[in-house]
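> One-letter residues, chain by chain:
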Amino acid sequence: MTEAQTLIDKLWAAHEIVRREDGDSLLWVDRHYVHEGSFHAFSRLAERGAAVAEPGLTFGVADHYVPTRAPRDNIGNPEIARMVRQMDENAAKHRIKLFGLNDRRQGIVHVVGPEQGLTLPGLLIVCGDSHTSTHGALGAFAFGIGASEVAHVLMTQTIWQRRPKRMRITVDGKTVPGIGAKDIVLAIIAKIGADGATSHAIEFAGSAIRALSIEGRLTLCNMSIEAGARCGMVAPDQVTFAYVKGRPFAPKGTAFDQAVETWSKLKTDDGVEFDREVALDAATIAPVVTWGTSPQHALPIDASVPDPAGETDSARANELREAIDYMGLHAGQILTAIVIDRAFIGSCTNARIEDLRAAAAVLAGRTSKVPGLVSPGSSMVKRQAEEEGLDRIFRDAGLEWSESGCSMCVGINGDIVAPGERCASTTNRNFRGRQGPGARTHLMSPAMVAAAAVAGRLTDVRSLLAGRKV
Amino acid sequence: MDKFTRKTATACPLNVTNINTDQLLPARYLKWPRSAGLGKVLLQDLRFDSAGREQTDFPLNRPQWRKAKIIVGARNFGCGSSREAAVYALYDYGIRCVIAPSFGDIFAGNAVQNGLLTAAVPDDVAAELMAQLTTTPEMPVTIDLEQQTISCGNHSYGFTIDPVRRLRLLNGWDDIALTESFSERIAAFKAADRTDRAWAFPSE
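So the sequence lines, in the order shown, correspond to chains V and L.
When you read off a place in the first sequence, starting at 1, and then add 1, the result is the number in the numbering used here.
When you read off a place in the second sequence, starting at 1, and then add 38, the result is the number in the numbering used here.
Derived from the structure by calculation, the hints contain no laboratory data.
Check before you lean on any hint, since a few could be wrong.
[What the hints assert, rightly or not] Between beta-carbon pairs, the in silico distance windows are:
id, chain 1, residue 1, chain 2, residue 2, range
1, L, R232, V, R105, 29 to 39 Å
2, V, T313, L, Q185, 46 to 56 Å
3, V, E48, L, T43, 18 to 28 Å
4, L, G191, V, D271, 31 to 41 Å
Think of the CB as a built atom: it goes at the ideal place given N, C-alpha and C, for glycine as much as any other residue.
One chain only, chain V, in its complex shape (with noise of 0.2 Å):
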């Protein structure tokens, strides 16, 4: 009998192709997908005259750069046009299969991986995007690089890597109506902190994250890298078999039988151990909020911003000093009290569409009392909302319905926040300047987000669930 493993030593095994006495081992990448921000890689090959080893299991998108609400065939910025015409060339050139703007399947490329099932389980994805990690939901090692690394993977397919620390955060229990994927997670980054998973892969384990959809796992592992783990992953299931099966790219026929018996296989044996473990209890998780410049400044919708005073420790009560006043509230404050200026639903964490219709849901007859944008995760889901009408709440609401892109999370395609400004949003990050200089943003769930534009100010959605499905 072999020794027993956990998922990520499993799926590390499957990998690796040469481990060096020094504790380097070069992995196997089953899966690159690149964006138009690959742009120092893709120089990098040039100047060595080098080509792309396996074009075949390379993959483009245009995410980062695209207008979502300027016309996208004739570019107005020059230097996001050349920003798409780089990625064009570099895809043809290298004989690349790209999800080009003009392409139906183009959107997030965390979004269209697996949403085209070219993410699967037990595969080893790699991408020069730290929301990479999301890919872990269906039973990947999946993990963000740097340019220098995407350029090796592009010349050989190949990537060294030092084996994580193995995690296992196992959320036990049943979640409260309106609580989501996104709540789960934050209130994780709260409990172990920005750096509490350094240097480890992540499993996600445990009956609250088993009733979880794929979806929801996709938010819960796209923000492990919040928690700085390496990556994060829930061990595939028959969730995530019945959501493969039949997607553009996924294994067919016997091929998919064949897969779903290995993959079956994929989880952590019985009385293996963690190099860490925590646990949370789903029952007591509220819907969170972020009211600082880190995700781990996370807290219930139903308490205040912390009172520096109260910290003994003098570096952190600084940076809750710093936080605060970056963020224009005082100590103490009722985070209910919090007025937002604007709305926006989108990014690689939240725009899928059961992000789309929980945030509807709410929306759905209502007004939103601020300006805000959705901009949905893939054309696909963009498609898909509009044929269920989704579309139409959120214009009804007073919202602006949009192309596909990262755009306001990130804002370099000039969607931005106004320096000052206050957004409720559903992305990842609320790093001062994320969403543009000076702007803040208050990271929480879509159904959170549609609350706060309802009332105008940050609220508990469950006040307005009430006679809703949800």
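Assemble chain L onto chain V, guided by the hints.
For chain L alone, coordinates are given in the frame of chain V:
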């Protein structure tokens, strides 16, 4: 890539916890090629106000630390986005080493690829170094990668770094050349994998 063995320079304390790569290099500069000079926009929104005026009290703007080649930072330095251009900005500004209690994983990986040393020290050592630099800002700091030591005045401290990364920095090694030396094993893995995990190849 340049080798890193030993460096003596002024060191700038930057006591900001969780300083992320969005701070090190704001997203609006990601369109720039490196040749445009990313060093000049390092920490742009902390070094300058919205009108482009220098924030005179920001450490890197103070005369004694303007030319610093070492930064002493706080916990979780370089967390967040994987943008390698954050490392280019630090390096092109002139920074060759960041000393901090912990680093974002992706940032630390990007640093070694570009000859930037990330030296991890315990919280109390980082605090002591910062205190010392605050009272004697001109005091040079020596960082020795072979010995894995940091010297500042009469004090000497050890630091940690992944041993493989240490060797890469000491030798200025390039990953690609190393990987190419394993090309036969990669080919063998791929051939076996095609059969063993046929499902792992995209079907369309």
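> Evaluate each hint against the coordinates.
Hint check results:
no.: 1; hint: R232/L - R105/V: 29 to 39 Å; verdict: 31 Å, holds
no.: 2; hint: T313/V - Q185/L: 46 to 56 Å; verdict: 36 Å, violated
no.: 3; hint: E48/V - T43/L: 18 to 28 Å; verdict: 26 Å, holds
no.: 4; hint: G191/L - D271/V: 31 to 41 Å; verdict: 55 Å, violated
Checked against the numbered hints given earlier, this structure breaks hints 2 and 4; the rest are met.
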